[in-house]
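Following the hints, put chain H in place on chain W, whose structure we already have.
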Amino acid sequence: MRDAWLIAGFDLRESIRTRRALVLALLYLLVASVTSYIYVEVVKFAQQATSEAISGISDTGEKMAAAAAAGAAQGAGYTGLLYVIAGGDQQIAGHLATYPPMVLVFAWFSLGALPWLIALTSYDLVAGDLHLRTVRFVALRTSRGAFVLGKLLSQVLLVALIAGLGMIPVLVIGGAYLPSFDVLDCFLALLRAWPILALFAFAVLGPVACASQLVRGPGAARALATFFLFVLWILGVWALFTPAPLSLLRWLTPFAYKTQFFHPDLLHRLMNAAGCAALCAGYTWLGFQVFRRRDL
Amino acid sequence: MNAPALALTAVHKRFGAVHALRGVDLRVPRGSIFALIGPNGAGKTTLFSVVCGFLRADQGTITVLDGPPDVMRFKGRLAALPQDAVLGRELTVREHLTFLARLQGMSPETARREAERVLGIVDLSELAGRRAGTLSHGQVKRVGVAQAFLGDPELILLDEPTAGLDPRHAHDLREALRSHRGQRTIVVSSHNLQELEAICDEAAFIEKGQTLEAGAVSALTAQDAEVFVVLAPGPEPIDQLRAHLGDVAVEWDSQRRVLRVSFQPGPNRAAEDVIAAALRELLAQGARISGVGKGRSLEQRYLEATR
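Line by line, the protein sequences give chains W and H.
Going by our numbering, the first sequence runs without a break in its numbering and finishes at 314.
Going by our numbering, the second sequence runs without a break in its numbering and finishes at 1424.
In case anyone wonders, no lab produced these hints; they're calculated from the structure.
Glycine is no exception: its CB is placed at the ideal position from the N, C-alpha and C atoms.
Careful: at least some of the hints might be erroneous.
[What the hints assert, rightly or not] One side only, chain W facing chain H, incomplete, derived with CB under 10 angstroms:
1) G27
2) L150
3) R151
[Unchecked claim] Which stretches of chain H does chain W cover? Using the computed rule of at least three CB atoms under 8 angstroms from a CB of chain W, they are:
4) 1170-1177
5) 1202-1209
[Unchecked claim] Incomplete in silico selection of chain H near chain W, CB under 10 angstroms:
6) S1166
7) F1191
8) K1192
9) L1195
10) P1199
11) E1212
12) A1218
13) R1219
This is chain W alone, in the form it adopts within the complex (with noise of 0.2 angstroms):
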């Protein structure tokens, strides 16, 4: 483990100065200021229609009555979409109403792009090393294992890192724009969500460490992993209209944990948060069945 983190600690050095790191971030925060201000316009567009629709009513008894129907009505939107974001499950909507909402719907935004950002950044993760030979300099003073293990750290921590940075555009946005936005809960909220995001980052690190491991070429690798994730997505998908036992196929998927983070009970968060890094292991070490016999 000594020589893991040592690669992961020099990795995570080395690919915080490169430029992808820089247009990881870049896009990262462009994610979350874009879903923050989405959720600033709607939640101005409901207030705005609103006070329109009770502006008409001259009674101050009705304009009273209207508002609550008004609020009672975004609420149960809300609470419905919630539903639906928990996939139906009753818990989990309403544990995912314990967030403030602008946070909820930046991790949502967040666990959505990340697959797909990870794809495009960590593609190389082994396949850059075998390409440009750097490996073999690594490969005489520490075990394969040692060096794909370091890698995947040293990827997690970046994605962590940057999901971190993720949420200045949150505060910012909301303090600036929502008169009614309670920067400490929502930084509290932010820092409940931020392991959710590192522990899924795990998850969706699995397949595209694999892919990095089956080939020699950074491109081959990145479309190699895209696939993956593209055919995972579409299991998983595909799993959820199917009954048992098929169902059970959209476990192997990274999409499947996603909401399961959101659960009320510890145990079961915990339990999920176990699955993504079997998942990250288990793809892994299908990788590392070719990578720790192929010619470097």
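Structure of chain H alone, referenced to chain W:
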């Protein structure tokens, strides 16, 4: 007798239809500086890669430092300058070397000191803080050589270490290698045969994935069993010399005006004795001498072996 630092027996390696190594046999004595000589595509780099464990041999036996090639066994004991490997661009030379030293098990402080030490060997101390991506080709090569000396490994494999270096740094590197003679085993591949002859004790000729000849450089170049005399234009008393020296073989290359005397060395007949006898006779016959020496150059021997 000490076990060799490196021994290969009938090693084969194929890349699809290309048979890169066709039963290579090699024995590198401990403490020697060993030259691996061969044309492009002879299999030298493949051989290095097989020894390091970068490539897996299809057949044959490889013994590196008394065991099979296994990175965890020879961690820090075997180092190499891989021919085409590239360092990451973003971090500094010092960071790269410290990282590699730490992978060999050194503490952060020892690794930093070691990085500075090996940079001194290749005269790059002043560039320790430079990003690796900004170095010239020759500087990158010198960093590659430096990393091979981290922790003073027992066996160092250098694949064309002086290729791309300017003459001064190539000379300095040769001197650095020479200074390690007897302390550690160094295997060097190069196309510069004069350079190899100057620094190596042992050599092997490799061609088309096979070992053609191997042994001590002095034996390969017949330092103890052959002398040559270069004659200036004038008398050519070859027959008289043959008659005078007796049971030796005398070859005369009239074009290059080189006279070669091959003999069986013995306790009373060293190369110096034969030179003295030959010169006495040649001068007595009125020949004009413009040069004299022992053996053949490594280049000559290589050309003969591969003809």
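Against the structure, the hints come out as follows:
1. G27: holds (8 angstroms)
2. L150: holds (4 angstroms)
3. R151: holds (4 angstroms)
4. 1170-1177: With 4 residues closer than 8 angstroms to chain W, the stretch 1170-1177 of chain H meets the three-residue bar; holds.
5. 1202-1209: With 6 residues closer than 8 angstroms to chain W, the stretch 1202-1209 of chain H meets the three-residue bar; holds.
6. S1166: holds (8 angstroms)
7. F1191: holds (8 angstroms)
8. K1192: Because about 6 angstroms separates H:K1192 from the closest Cβ in chain W, which is inside the 10 angstroms limit, the hint holds.
9. L1195: holds (6 angstroms)
10. P1199: holds (4 angstroms)
11. E1212: holds (7 angstroms)
12. A1218: holds (9 angstroms)
13. R1219: Interface hint status for H:R1219: holds (6 angstroms vs cutoff 10 angstroms).
The structure agrees with every numbered hint stated previously.
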